[in-house]
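Numbering (UniProt numbering), first residue to last: 1 to 710.
These are calculated hints, taken from the structure and not from any lab test. Nothing here was measured: the structure is a model prediction, and the numbers come from that model. All C-beta atoms in this analysis are idealised placements derived from N, C-alpha and C, irrespective of residue type, glycine included. Mixed in with the good hints, there may be bad ones.
What follows is a set of in silico ranges between Cβ atoms, one per label pair, in the way DEER data are often shown [stated by the list, open to error]:
(1) Asn90 / Asp654: 25 to 31 Å
(2) Thr10 / His542: 32 to 38 Å
(3) Asn400 / Asp312: 32 to 38 Å
(4) Asp140 / Ser106: 18 to 24 Å
(5) Pro354 / Asp311: 50 to 56 Å
(6) Asp602 / Asn414: 22 to 28 Å
(7) Asp654 / Asp298: 34 to 40 Å
(8) Glu156 / Ala417: 35 to 41 Å
(9) Glu464 / Ser345: 35 to 41 Å
(10) Glu468 / Lys428: 40 to 46 Å
(11) Asn400 / Lys465: 39 to 45 Å
(12) Asp602 / Gly551: 42 to 48 Å
Pairs of lysine to aspartate or glutamate, EDC-like flavour, derived with a Cα cap of 16 Å [to be verified]:
(13) Lys446 / Glu381
(14) Lys638 / Asp511
(15) Lys568 / Asp589
(16) Lys428 / Asp552
(17) Lys434 / Asp511
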Amino acid sequence: MDSQADTVITDAGRELVCSCIKDDELRAHMFKHMGMADGSLCKIIGGSLKTLDEKRTMLERLRKEVSSDYAEAIDSGLEQLDTALDMLYNVDRDRGILLVSGMFYSEDERGHDTFDGPFPVASWDAAQTLMKQYVDDDPDEDWSESFWRIKLYTAEDLHDRPRAQASLIFAATMAGDLVFLSDRRNQRTPHQSIDHLPWNNSKHFCANGEVFYTPWSPGDIIKIDSRPFDHGPRFAIVLEDDYDSSFKDQVWCAYPSRIYGVEEGNLRLRDFTDGFLDDFTPSALYTAERYTGELPDDCSFMLELSKKLHDDPSYGKQWSDRSVVHDCLQPYRTSTGAGVNAIRSDILEFLDSPDIKEHLRDIGYEPTTPEAAFIVDRSSEKTLQQKIEAWQKILEKMPNCAMNRRYGAFNIPNFHAFLRDAIRWERKKIARFKQPGKHMYFFEDKTGSPHESGCNYGPYTSYEKCFEAIWNELEEENPTSIEVTRRPIDPDDGHYAADRLMLNAKGEIMDCHLHCIDMEREGEDPTFAFELMWFDIPTPFHAADIICRHGDPGDPMLLLNMQTWTTKRVMDELPPSTYRECAAKKADDLLRHHRQNGDTSDMYAYGCQIEYPLEYPVYIGEPSCFLLDMEYCRIPLKPEARILYGVRAYLDGDLGLDSLIALSSLYELQALVKKKAERFEGEDGGLKTRYPELFDDTIAPPAQFETKRS
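Can you make the complete structure from the sequences, with help from the hints?
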């Protein structure tokens with residue numbers, strides 16, 4: 001490699017490229033082992049934290065230090081940068097527009113989010129004035145994790161395309177210095193993930209995941225501070241330094257995770273950010289350094305682990321392979337690939353809540369293998385066959401992992417094996433349910449309400465006869481939900497037990513529950529493990545949102561708290577009150593407990609509902625709404641539930657407590673009056689024709705009434 005380097009680049013050129021690296025030790029190591037792939041050195045400069053003007057100067061100097069063949073890649077990068085900057089500096093109202101947004105790292109969104117904007121401006125001079133004035137107006141603000149995102153739309157982008165997509169996106173410091181450029185001019189596709197592929201040649205001047213070589217060993221703690229374009233500083237501990245022979249000296253590391261407590265990932269691929277990457281999330285190459293100082297609380301696990309790894313470097317591989325016990329979810333050490341991206345949208349389709357589904361798509365949420373399987377299992381709208389097919393895709397496309405023993409749950413050392421067992425079990429249940437034997441079959445139309453008993457049809461001597469009878473008996477009913485029941489003939493101790501199978505309007509199987517089954521012969525139901533899982537899957541909801549269970553808008557609730565919220569989130573969401581102080585005090589401990597020992601019974605939200613009957617109308621507690629089933633209530637509330645609007649105004653600080661109490665009484669009386677009026681009108685409807693003024697106060701009574709006595 002060194003002999004090759006001598007033919008294409010001088011030592012001065014190598015030193016120039018390595019000057020982008022902050023740490024002396026890492027810089028010296030990169031100087032020695034730097035690769036010579038075509039375009040790689042150009043991208044190392046382009047992805048650095050230098051300004052775009054500094055990058056241009058460095059590339060012009062580098063061009064003099066490389067061979068003529070290699071200079072072509074540099075010329076290409078310079079041309080790209082110059083044309084992009086020329087478009088930026090010369091944009092005007094007739095040829096395009098700039099949208100300037102203030103960006104920051106959001107822990108809740110686990111990635112970059114907008115704190116203000118976008119502000120449309122018609123020229124680069126106007127954008128610079130806006131950015132400077134914004135910062136000058138708030139000199140005491142901490143801008144350490146904030147930057148500007150500037151999108152350039154040409155006239156063609158705005159008018160000639162079905163969907164406006166910026167040609168260029170720049171990132172600048174709060175002082176207005178341009179640092180990154182994401183060139184979208186050759187990426188005219190609705191599939192935004194293409195822009196994030198590491199081999200995209202238009203990403204010369206933004207984060208691109210270039211290979212780099214490190215001097216660190218297992219047990220070394222690394223500090224990475226990429227502010228203002230990332231939260232910082234971050235810390236990671238090296239587990240393995242050559243986990244893949246194709247990238248010698250690459251590191252596999254462990255780091256704190258907001259979701260899992262501790263997670264593992266590839267340092268080069270910026271997995272340590274524990275969030276969603278974009279073009280402006282810098283590589284660790286530029287700021288990473290060996291660290292021996294004090295650590296934040298969420299990194300305290302590194303101290304003990306560091307000692308073990310220094311004593312036994314092979315311990316990192318054991319830790320990653322789960323040969324040693326660790327009390328958190330550990331994704332298998334295979335990076336997310338194109339196959340995972342291909343099925344991610346398919347997995348999100350299994351979310352019943354359209355609002356959660358849209359939110360996860362908007363933030364680019366990447367579920368882990370267990371999360372994806374769990375989302376599929378919890379769907380109430382997909383057929384059992386669709387679930388099986390989705391699990392098969394997960395097995396084919398998503399990485400394996402282990403879930404260690406949790407409280408009340410069994411260990412899953414191989415998640416792929418567990419998922420294969422779940423698929424076999426679901427198929428076995430259907431086969432057993434249809435199997436001829438000493439059983440009789442019945443069916444019932446559950447279209448109106450799954451909890452109410454209707455007309456029960458049967459008995460039938462086989463599943464086939466029962467299935468055929470469904471469409472004969474209910475031909476004119478247009479059923480959407482049918483329950484088929486199988487009961488044993490001459491039952492023994494389990495005579496009350498019944499096997500149940502749910503069908504949709506097309507006769508497709510939605511679910512199957514077997515009670516009359518020989519567990520000793522058939523084995524335990526592996527799918528029960530899904531009930532023992534708990535995940536902190538992001539949702540779009542905030543305190544004071546009026547939400548409901550998916551498909552049940554008639555039972556709304558006003559959200560107060562969620563079991564996935566941290567103490568900081570509770571304090572930010574709720575106004576000062578005793579309730580907020582109590583909830584915030586235990587939020588972090590409760591969240592930690594759920595991550596280690598929680599199950600689906602802990603995946604609910606707290607809020608207030610209207611209790612029926614109305615003796616004690618406002619109920620504050622834990623409504624029966626599963627976290628992933630929540631959606632915004634989009635219909636007007638019933639009169640008795642309108643007090644929830646008042647509670648929302650109270651939480652927003654726009655309504656006093658005395659007014660809230662008065663409104664509660666008012667809405668209760670209005671609801672009572674409406675119910676009595678409806679009852680009276682139903683029982684004495686004939687009066688409405690003769691005396692319409694009884695029911696409509698806009699009708700003037702006649703001057704002279706006609707009565708029976710007239």
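Please verify whether Lys434 and Asp511 have alpha carbons no more than 16 Å apart. holds, 13 Å
Given pair status - Asp552, Lys428, alpha carbons within 16 Å: Status violated; Cα separation ~33 Å.
Falls inside 22 to 28 Å, the C-beta gap from Asp602 to Asn414? The hinted range 22 to 28 Å holds for Asp602 and Asn414, with Cβ atoms some 25 Å apart.
Against the range 32 to 38 Å, how does the distance between the Cβ atoms of Asn400 and Asp312 compare: consistent or not? violated, 25 Å
Within 35 to 41 Å or not, the Cβ separation of Glu464 and Ser345? holds, 37 Å
So does Asn400 sit 39 to 45 Å from Lys465, Cβ to Cβ? With Cβ atoms ~44 Å apart, the hint holds.
For the range 18 to 24 Å, tell me whether the beta carbons of Asp140 and Ser106 fit it or not. holds, 21 Å
Does the Cβ distance between Thr10 and His542 fall inside 32 to 38 Å? Distance hint for Thr10, His542 is violated at roughly 57 Å.
Assess, step by step, whether the Cα of Lys568 is no farther than 16 Å from the Cα of Asp589, and give holds or violated. At roughly 12 Å apart (the allowed maximum being 16 Å), Asp589 and Lys568 satisfy the hint.
Satisfaction of the hinted span 34 to 40 Å by the C-beta atoms belonging to Asp654 and Asp298: Given range 34 to 40 Å: holds, Cβ gap about 37 Å.
Starting from the range 35 to 41 Å, see whether the pair Glu156 and Ala417 falls in it by beta-carbon distance. Because 53 Å falls outside the window, the suggested range is violated.
Between Asp602 and Gly551, is the Cβ distance one that fits in 42 to 48 Å? violated, 23 Å
When held up to the earlier numbered hints, the structure conflicts with 1, 2, 3, 8, 10, 12, 14, 16 and fits the remainder.
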